[in-house]
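Keeping the supplied structure of chain A fixed, place chain B upon it in accordance with the hints.
These protein sequence lines are chains A and B, in that order.
Throughout the first sequence, residue numbering follows the working numbering, covering 1 to 150 in sequence.
Throughout the second sequence, residue numbering follows the working numbering, covering 1 to 382 in sequence.
Heads up, some of the hints might be wrong.
[Stated by the list, open to error] Residues of chain B clear of chain A, computed beta-carbon distances all greater than 10 Å:
{"hint": "1", "residue": "Ala-26"}
{"hint": "2", "residue": "His-79"}
{"hint": "3", "residue": "Gly-99"}
{"hint": "4", "residue": "Val-100"}
{"hint": "5", "residue": "Pro-124"}
{"hint": "6", "residue": "Met-132"}
{"hint": "7", "residue": "Arg-227"}
{"hint": "8", "residue": "Thr-250"}
{"hint": "9", "residue": "Glu-312"}
{"hint": "10", "residue": "Gly-350"}
[To be verified] Simulated DEER-style distance windows between Cβ atoms:
{"hint": "11", "chain 1": "A", "residue 1": "Ala-84", "chain 2": "B", "residue 2": "Leu-273", "range": "48 to 54 Å"}
{"hint": "12", "chain 1": "B", "residue 1": "Glu-45", "chain 2": "A", "residue 2": "Trp-42", "range": "53 to 59 Å"}
{"hint": "13", "chain 1": "A", "residue 1": "Asp-107", "chain 2": "B", "residue 2": "Arg-361", "range": "26 to 32 Å"}
{"hint": "14", "chain 1": "B", "residue 1": "Asp-71", "chain 2": "A", "residue 2": "Ser-58", "range": "51 to 57 Å"}
Keep in mind the hints are simulated off the structure, nothing from the lab.
Source: prediction; values computed, not measured.
For every residue, glycine included, the Cβ atom is placed at its ideal position computed from N, Cα and C.
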Amino acid sequence: MNRAGPNPVPPAPLIDTDSAGFWEATRHGRIVLCRCSDCGVWLARPLELCNRCEGPTSFTDVTGSGTIYSFIVVHHGSVPAFAAFVPYVLALVEFDEGPRLPGILLDEYGPGVAIGQRVQAELAQFTETELRAVVYRRIDDGEQPAVADA
Amino acid sequence: MDTREAALVGIGRTPFSMSSGRTPLAMAAEAARAALRDAGLQPDEVDGVIDFHTNDSAPAADVARAIGAFDLGLAMDVHGGGNIAVTVVGQAFAAVQAGVCEVAVVFRSLQGRSGNRYGRGERPALPMRGEMQFAALNGFVVPPMWIAMFAQRHKHVYGTRDEDFGQIAITTRKHAAANPHAMQRQVIDMDDYLSARWICEPFRLYDCCLETDGAVALVVTTLERARSLRHAPIRIVGFGEAHTHGGSWTNFPDLSEMYSAYASKRLWASTGLRPADMDVACMYDCFTGTVMATVEDFGLCPKGEVGAFFREGRATYGGDVVVNPHGGLLSEGYLHGLNHHYEAVLQLRGDAGGRQVPDARHALVTAGAGPAGGALIYEASR
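With the rest of the complex left out, here is chain B:
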């Protein structure tokens, strides 16, 4: 099979809500149809579907059936969390490049609020095997606990203050205020942040993202075909993942950093671009602490200096790079990171309306927290 270039050509999504009243299958189908319409492709042209899930979604082949695509050359359901939100896009590009399929849909669909809530311990998102069996009986089973353990270590090593976490939450919410699709648009200040209730120290309420119902879908096809479709194609010009230390949340060597300390090396080695070339950074933000570690690890600012980076306005409009212009998982909604890709595409097309980052040409998108995840760089065609 000849290798060919691939491009992202379509984006689609459902409304984000706390109670969709709809199945993950129905939401995935809506998002997939929307993404195909956006691209200018027909549903029956789809011959590849890739999604990720934690036993809370609909299978790839069934979503294809729901939109009228009955014969796939690729159907891949990847079990995993936010760490997979770059993997699935990378694999869709690779599959198209290798000729495994021609038109690939990538989706994430979940009843994250009305169905199985990751923040609740009754039915944990991860099975209690492997490392988790040693956490189960102590109830160390929900993501805010795992990431807070990292954040505490960041405080210890770098003297990070509560206000540094607060600046990330405040900046993100301010961005969301200009995003009609965001679940939470009410701006907050430092008093609001500090006076909100504790969830698990060092995390307060606004350090935690929003469990959400909804779906996001992306369409990938060949670059050659992309040139005749509705929008200018978006290419990937940098890529790096790191799935480290067997996925251990507790025995990852240094909890003041994350997978990003490893993926960063692969990412920047794969491209001629540098952190300073990024116009937009859609940083995976299940918690503020995740942004804290990964912004540093990916080199947007020196290690330990993320507090000043946000405080001095370098992470917003007029600064170095606009971090999460859509409001991220913290304020737009927890679509498990696939909404970060949607936002990156809007920004690179110049279609982000009142929150448009001027002349956005390169967008960094990251996925994951703790021991595993990845990042890619999208480039606009202008």
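Only chain A is shown next, with the shape it has when bound in the complex:
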């Protein structure tokens, strides 16, 4: 999804002390998720302390590999920043580390996309801000689940 010229911007994330490390990492091109430094559990949403063992947490690099857990094809331009791009695919991706994050599946508009397909996460800059969004690209691992018959 490429942009040319000024566009309406998506809603701004409200970044706080707990989540700042995630956004700071994206400025350096890294995708990180919150992880307990003691028990190793990955936390889908950042926490100051682990919700299992109360251990300290830190932001840790993920592989960026994941699987499509679910997806939708957006046809109605509800969100002005993306209205010009309909139809496009929003995927809910389960990272190999466990947590799920939603993101646009680049260069797809619906046909051929299926739950279970493998994707690779990358960072994309949709706005004039410095913030980058986690987005996905399908990867061909030779064992892609078939699309169900219509």
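Below, chain B alone, put in the same frame as chain A:
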């Protein structure tokens, strides 16, 4: 404080429209006055007000002032969506039972169409903090997207077909046709459903509810007092909420089910009744996909079989239970679920006119979608 029993004794509402031209305060006051008149109580007898909102309504104490009630023992503004539409009623009953207040008004008022539209992404209903900050930049910020993600998973796990979603929309609209208060009364068939435009797959136009301006109010007081009021009291005989997984739309463990898989356990453990005892089910239906998951999770039919449940007529008159006889949020209007309570009371009083469910004695009312919500069972006094 002695615990005492409580009952729902009054219902009120404004017209539902796309452009009210009125403030949420004015609409809330009209609905509250109507509910008090319906009960046979005076506005200055109100000493408790509870509402829910997403920064789009009027405060409880201000609505009280607007109707002439100046001294409240309880004023509670709960921030939240449809998942709160059972919570507020439960809390009003609990407050009356505990003696915190004597006459409680519960309301929801919003300019859902002419004001802040939940379906639009310019000003999302939820703040972009917490989980939403990771959805914001991708524009994953409006409810049809969140619930469609659940619906896609239901299709994947249970082989649910587009026509199964369609049956829910068609049945609901058919019910609304007999409801003069409904925003949309034009019946639709499967061709209409399937040929309507996509919103976000797997949802088409008729899978989505109607953003609406309006207000609904309910009045709760003690059972003792209720016995001398205008209508036979309505009691709550089953209750269960579930606010799970920190409210996560994306990391809820299994998107083929919803909060209802959890709340269902509490609900049925709280009562001697069973799903088969329900005559009416006012199921929270922001989208067809919500009805799909919650009808199954609450045990009205086995998991994965909701398509057949609607297709075979088990969700309408002459079937197992009449689901959303008023047309629900899909066709009556999106009053954020409080209109489901209004309908349940009409049905249990026998006052639902041309859409009356014969001998309705028990009504299930659910609220919410995704990770959080609840349900209660109302019982008629006959």
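Consistency of the hints with the structure:
1. Ala-26: The claim holds: Ala-26 of chain B sits with its nearest Cβ about 29 Å from chain A, beyond 10 Å.
2. His-79: The claim stands: His-79 of chain B keeps its Cβ more than 10 Å from every Cβ of chain A (closest is about 15 Å).
3. Gly-99: 37 Å, holds
4. Val-100: 33 Å, holds
5. Pro-124: 6 Å, violated
6. Met-132: Non-interface label on Met-132 of chain B violated, nearest chain A Cβ at 8 Å vs cutoff 10 Å.
7. Arg-227: 48 Å, holds
8. Thr-250: Check fails; 5 Å does not lie beyond 10 Å.
9. Glu-312: Glu-312 of chain B is indeed farther than 10 Å from all Cβ atoms of chain A, at 24 Å.
10. Gly-350: 41 Å, holds
11. A:Ala-84 with B:Leu-273: 48 to 54 Å: Between Ala-84 of chain A and Leu-273 of chain B, where Cβ atoms are some 52 Å apart, the hint holds.
12. B:Glu-45 with A:Trp-42: 53 to 59 Å: For Glu-45 of chain B and Trp-42 of chain A the Cβ distance comes to about 54 Å; the hint holds.
13. A:Asp-107 with B:Arg-361: 26 to 32 Å: For Arg-361 of chain B against Asp-107 of chain A, whose Cβ atoms are near 57 Å apart, the range 26 to 32 Å is violated.
14. B:Asp-71 with A:Ser-58: 51 to 57 Å: 52 Å, holds
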